[in-house]
Amino acid sequence: METVRVRFAPSPTGALHIGGAHTALFNWLWARRMGGSFVLRIEDTDRQRSTEAFEKTILAGMRWLGLDWDEGPDCGGGFGPYRQSERLDLYRRYAEELLEKDLAYRDGAAIIHRIPQDRTILFEDIVYGSIEIKSETIKDTVLIKSDGTPTYNFAVVVDDHTMAINYVIRGEDHIINTPKQILIYDALGWELPHFAHLPMILGEDKKKLSKRQGATSVYDYRDLGYIPEGIFNFLALLGWSAGDDKEIFDRHEATALFDLAKVAKRKAVFDMKKLDFVNQEHLKRLDPIRKLDLVRPFWEAIGLDSRLVDDGYLLRSLDLLEGRGQTLKEMAAYSDFFLSFDPVKERYDGSDISEAIKARLRPFFEALLAIGNWDHDAMAELARQWAIDKGLKLKDLAMPLRWALTGRKVSPGIFEVAVHLGPEEVRRRLAHYGLI
RNA sequence: GGUCCCAUCGUCUAGUGGCCUAGGACACAGCCCUUUCAAGGCUGCGGCACGGGUUCGAAUCCCGUUGGGACCGCCA
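Numbering (our numbering), first residue to last: 15 to 450.
To be clear, the hints were calculated from the coordinates, so they are not data collected in a lab.
A few of these clues could be false.
[Said to hold, decoys possible] Below, a list of computed lysine-lysine pairs in the DSBU-like style, where the Cα atoms sit at most 35 Å apart: (1) K343 x K220; (2) K220 x K153; (3) K260 x K221; (4) K343 x K221; (5) K423 x K404; (6) K276 x K260.
[Claimed, not checked] Here are the in silico distance ranges between beta carbons for each label pair: (7) D237 x D319: 49 to 59 Å; (8) E261 x R128: 44 to 54 Å; (9) S149 x T65: 32 to 42 Å; (10) D363 x D60: 51 to 61 Å; (11) D319 x D161: 47 to 57 Å; (12) D82 x M413: 19 to 29 Å; (13) E111 x G91: 35 to 45 Å; (14) K276 x L406: 55 to 65 Å.
From the three backbone atoms N, C-alpha and C, an ideal C-beta is built for every residue, glycine too.
Could you build the full structure based on these sequences and the hints that come with them?
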């Protein structure tokens, strides 16, 4: 059985966007599933718009997502070079061959493929099934542009063949290009690869995902606080299902289950709400140490220096969040009061608690601070007893405490918060609001 | 306009002729838990675009209609 060779061939004219990442992901999945090779090729024949900087961010974006490749411009391989701009001789050579066979003709400096008439091109797409098109509906196609560089349709065929790519997996928008490319394979006498087209990803307005819709590159999502595991999982769900109602999985599980034949035909809408959910599920499964490292930059972004705080304390702070937060950004925001009293003071001035109420609560808070064993159960018991004695509800005590310690009306269990902050810090915050 | 593709809850999907009074997930609503919000548990809402066939039987096969989309560059 032949060894699977697939490729992802981005053009370095922008960052790695969601659509590209989706295509790269499915190629990667197929390569890893089949024990094949995943090749990265840079399609930089558009000299105007291609830049080295974009090439770098695309590679970095793929690494961030965890899509490692076996051959590429940075690591080489047996079928290089891996940038089209470095393969110009190759395209020229095969264009000459077509010219000699009289299957192409010149027009100025360009070379143009003469499309045969009365041919029916039929191919079997792994996802879409058999597709048929008549050759007379195809116009003669440019192979080599006047500036000497190859067009996409020519370069892709030459590269895929010479790089021994046997599965061409790409977006559905390329179905229409496939017959033109098949004609080139035929003209050159080359064997066809398998074709598998993937459904496109749409924005929430059901239009093709574009820059107008805000976040579009994978880095935008990273900066919003999504983690690679979440994006990976969510993207894999667009156009494919693992079966058995399994929707949350890691890359290893996905690899074991993936099957190109199970890919859906229908276009999929990129639903942020579902992304949030999937991301949250992966956040919950994250190793604590890694989670801490991932949250740090988001604390920093809101002016909190986590390096000033003990790691053990930080670890426990995140632990107390217990599933709260769908992104790293939210986790950082929800836990800010653990790192500093400043944000609490900024958002809460204590003016909603009257002097009368403060006077009534002071004895309770004094008793709380005087508690023998500084733990959750002791505090909860004290509060419960106090509330009963004074004819109050537990929340009459818990809410003012929550406001004073966190500056918010929502937080993790407030006694757990108090335990974690420690008696000195609790005293400081209560004193600030005149509650002791 | 031409060529090609698609069509199951709002969204992602399961479903490949009988297991479907169409299953799951997100979202939404309600309930439970509860010091708040989450998390978790339970319940509910909600769909085979339409019309013809084929068949004992169709979400599944065929045809048509309608609706979406892609492409029609010396961009990729």
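Results for each hint:
1. Annotation: proposed proximity of K343 to K220 holds, straight-line Cα distance about 27 Å (limit 35 Å).
2. The suggested pairing of K220 with K153 holds, with an alpha-carbon distance near 31 Å, which does not exceed 35 Å.
3. A C-alpha spacing of about 28 Å is found between K260 and K221, which places the hinted pair at or below 35 Å, so the restraint holds.
4. With a C-alpha separation of about 28 Å, the suggested pair K343 and K221 falls inside the 35 Å cut-off, and the hint holds.
5. A distance of roughly 23 Å separates the Cα atoms of K423 and K404; the hinted pair therefore holds under the 35 Å criterion.
6. Restraint check for K276 and K260: satisfied, since their Cα atoms lie roughly 14 Å apart, inside the 35 Å limit.
7. At roughly 19 Å, the beta carbons of D237 and D319 sit outside the given window of 49 to 59 Å.
8. Taking the beta carbon of each, E261 and R128 are about 50 Å apart, inside 44 to 54 Å as hinted.
9. Between S149 and T65 the Cβ separation comes to about 37 Å, which falls inside the hinted range of 32 to 42 Å.
10. Our hint of 51 to 61 Å for D363 and D60 holds, since their Cβ atoms are close to 57 Å apart.
11. Hint check: D319 to D161, Cβ distance near 53 Å, so the stated range 47 to 57 Å holds.
12. Checking the proposed 19 to 29 Å range against D82 and M413 shows it is violated: the Cβ atoms sit about 50 Å from each other.
13. With their beta carbons about 25 Å apart, E111 and G91 fall outside the hinted range of 35 to 45 Å.
14. Restraint check, K276 to L406: a C-beta distance of roughly 59 Å satisfies the suggested window 55 to 65 Å.
Comparing the model with each numbered hint stated earlier shows that hints 7, 12, 13 do not hold.
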